[in-house]
Amino acid sequence: MDDFTLFVSQRGHALLRAAYALTGDQHAAEDLVQSALAKLAGHWSRIDGEPEPYVRRILYREFVSAWRWRRRRPEYVTDRLPDRAARDDVAADTVVRLELRRALAALPPRQRAVVVLRYLEDRSEQEVAEILGCSPGTVGSQASRALAKLRAAVPATEVIR
Amino acid sequence: MNLETELRDTLERLADEVKPANLAAAALRRAERRRVRRVGLTALAAVVGAFAVVVPTVEGLRPDARPPVGPTPATSVPAPPERTPTPGPAFFDLGPIELPGGWMLGAAPGEDGGFWVWDRTRQTYRQVPYQHVYPAPIGDYAVVVAAGGRRAGVLDLRRDSVRWLDGLVPWLTPQWTADGTRFLTRGQTGSTHVLVVTARSGTIHEVPATGARPDPEAARALWMPGDREIAVAVGGGTWELRTPSTGARVRTLENLPGMDARTDFSPDGRWVVGTGGGRTVLREVSTGSVGAALPDVHPGRAYWADNDRLLLLGGQNKEVTVVDRNGNPVGRYPLPAVMDVDEEHNYSLIRM
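One line per chain: the protein sequences are A and B, in this order.
In case it helps, the numbering used here puts the first sequence at residues 48 to 208.
In case it helps, the numbering used here puts the second sequence at residues 55 to 406.
Incorrect hints may have been included.
[To be verified] Sample of chain B residues facing chain A (criterion: CB under 10 Å; computed from the structure): (1) Met55; (2) Glu60; (3) Glu66; (4) Arg67; (5) Asn76; (6) Gln185; (7) Ala200; (8) Ser215; (9) Leu219; (10) Gly221; (11) Val223; (12) Leu226; (13) Val288; (14) Thr300.
[Unchecked claim] Incomplete in silico selection of chain B near chain A, CB under 8 Å: (15) Arg62; (16) Leu65; (17) Ala69; (18) Val72; (19) Ala75; (20) Arg84; (21) Val182; (22) Pro191; (23) Ala201; (24) Gly207; (25) Asp210; (26) Ala346; (27) Pro349; (28) Pro388; (29) Leu389.
The hints are simulated quantities; they were obtained by calculation from the structure and are not laboratory data.
Glycine included, C-beta positions come from ideal geometry on N, C-alpha and C.
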């Protein structure tokens, strides 16, 4: 197995999880990851250092910029609640998650990318800035705006600082 | 119920829904298709030659209507110059991509992930192994950011050598002087100093900017027209103009939010591209009063062709839009198909 294929076998699924969190769609996620990996493959011999940071940057920046992701962005959720919604305590949690997913899907691409990097991948502001190619200040402001929108969409939650 | 906790949980559950996929084989096939397409485009371009097409927005003309591709556009196009063989693969064999006002495409990312820059000595675009390239408007220097984005330096395109510099913030777009000899940037986060770097020697001069905010994002710095003063943002659309040698404050400009680069200023210094009401607008420099709104562009991505027209870099299409001072489109110039245009629009113009 060559180095590139080995890398993809080891890290590809992690990239796919991130892409799915960004796009909400299996096909779009695979398309996004394959596009990023194709660029990585073309540059493989010239990569200076670890390839994962390189391909992660490509993936997130493509997501933020490529209009095609936005045009065919699907709904993350349906309007139907699960059958267990009859019990109030379970229903409350489920409703919050469904509303949160809906609100996530409505975020602009850059804000969604920042949220996924910060809260799914647990990256620091500096790391997010390097991945997205912007300043840490921009990352902070985008995160704040995203959280404000999510809080407005899901008033049952609050941000504890 | 804590939002951040719920958010992490929601994202984890969402990500867990994805099904495994065979990524490597598909990526390699896609990479091969891109390689074949690049080879084909390069060969085609060598046959067709350089061209530029002006598409005026005549009423009734569909916005996406373009004349057929061919070597005879609305304006005459000079034949590509004779060139000696280049040392490496060419971005495309089209010659300089010329734009109105004496501008041309200086550097751009390619779809293959590489970065391409115009080499004045070799008179061709050539690929360089950097993550970002910011060429000087004239001359042979460019600020480059290493793959990985952790360091920046100055590339001498004539000598094909790079001098890496410590202390620069790699993700800040450098501000070149009009003569291409110096550029402006900021130090590390928390510093209020503005850095003036001499390209030839790599000398870094720290200009105290006391009173400026330490956040590089909030406190931008740019050259004023004439390159004798540095404008440092202090917030609220107010700029302190300081001398580059001592940092002494010379004067203040107010009511000019959103300025981003020296190229935002019109040649006569009367107008500047800025922001207002959530839009990109023209502002009168002396008063700050708002002029026309500009379509689909960020400040710092507008270049003045003359006192009446601007080139706007941006939008979803691979093209440069020419607008008048009322913000009306008056022309469009297509950009090379092999360019990788993304939302960052990290391509730049230089002087012919």
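Structure-based check of each hint:
Contact between Met55 (chain B) and chain A, as hinted, is supported at the beta carbon level, the nearest pair being about 5 Å apart and thus within 10 Å. For Glu60 (chain B), the interface hint holds, since its Cβ comes within 10 Å of a Cβ in chain A; the closest pair sits about 5 Å apart. Taking 10 Å as the C-beta contact cut-off toward chain A, the hint placing Glu66 (chain B) at the interface holds, the least distance being around 7 Å. A cut of 10 Å between beta carbons decides the hint on Arg67 (chain B): the least distance to chain A is about 7 Å, and the hint holds.
At a threshold of 10 Å, the smallest CB-CB gap from Asn76 (chain B) to chain A is about 9 Å, leaving the interface hint in force. The beta carbon of Gln185 (chain B) comes within 8 Å of a beta carbon in chain A, closer than 10 Å, and the hint placing it at the interface holds. Hint status for Ala200 (chain B): holds, given a least beta-carbon distance of 7 Å to chain A, under 10 Å. Below 10 Å, beta-carbon pairs count as interface contacts, and Ser215 (chain B) has none with chain A, the closest being about 18 Å; its hint is therefore violated.
The interface hint given for Leu219 (chain B) is broken, as the beta carbon of that residue sits about 18 Å from the closest beta carbon of chain A, more than 10 Å. Interface restraint check for Gly221 (chain B): the shortest CB-CB distance to chain A comes to about 16 Å, outside 10 Å, so the restraint is violated. The closest approach between the C-beta of Val223 (chain B) and any C-beta of chain A is roughly 8 Å, which is under the 10 Å cut-off, so the hint is satisfied. Because the beta carbon of Leu226 (chain B) sits about 7 Å from the nearest beta carbon in chain A, less than 10 Å, this interface hint is met.
Taking 10 Å as the C-beta cut-off, the interface hint given for Val288 (chain B) is violated, the closest approach to chain A being about 15 Å. Residue-level restraint check for Thr300 (chain B) is violated (minimum Cβ-Cβ distance to chain A is 27 Å; threshold 10 Å). A hinted interface residue such as Arg62 (chain B) counts as satisfied when its beta carbon comes closer than 8 Å to some beta carbon of chain A; here the least separation is about 5 Å, so the hint holds. Hint status for Leu65 (chain B): holds, given a least beta-carbon distance of 4 Å to chain A, under 8 Å.
At about 4 Å, the closest approach between the beta carbon of Ala69 (chain B) and any beta carbon in chain A falls short of 8 Å, and the interface hint on this residue holds. The beta carbon of Val72 (chain B) comes within 4 Å of a beta carbon in chain A, closer than 8 Å, and the hint placing it at the interface holds. A distance limit of 8 Å between C-beta atoms decides the matter here; for Ala75 (chain B) the minimum to chain A is near 5 Å, and the interface restraint holds. At a threshold of 8 Å, the smallest CB-CB gap from Arg84 (chain B) to chain A is about 4 Å, leaving the interface hint in force.
Taking 8 Å as the C-beta cut-off, the interface hint given for Val182 (chain B) is violated, the closest approach to chain A being about 11 Å. Taken as an interface hint, Pro191 (chain B) does not check out: its beta carbon lies about 22 Å from the nearest beta carbon of chain A, beyond 8 Å. Interface hint status for Ala201 (chain B): upheld, as the beta-carbon distance to the closest one in chain A is roughly 5 Å, under 8 Å. The interface hint given for Gly207 (chain B) is violated, since its Cβ lies 14 Å from the closest Cβ of chain A, which is over the 8 Å cut-off.
Checking Asp210 (chain B) against chain A: minimum C-beta separation of about 20 Å lies over 8 Å; hint violated. The criterion of a C-beta within 8 Å of any C-beta in chain A is not met by Ala346 (chain B), whose closest approach is roughly 26 Å, and the hint is violated. Taking 8 Å as the C-beta cut-off, the interface hint given for Pro349 (chain B) is violated, the closest approach to chain A being about 16 Å. For the restraint placing Pro388 (chain B) at the interface with chain A, the shortest Cβ-Cβ distance is roughly 17 Å, beyond the 8 Å limit, so the hint is violated.
Because the smallest distance between the Cβ of Leu389 (chain B) and any Cβ of chain A comes to about 15 Å, over 8 Å, the interface hint for this residue is violated.
Hints 8, 9, 10, 13, 14, 21, 22, 24, 25, 26, 27, 28 and 29 from the list above are not met by this structure, while the remaining hints are.
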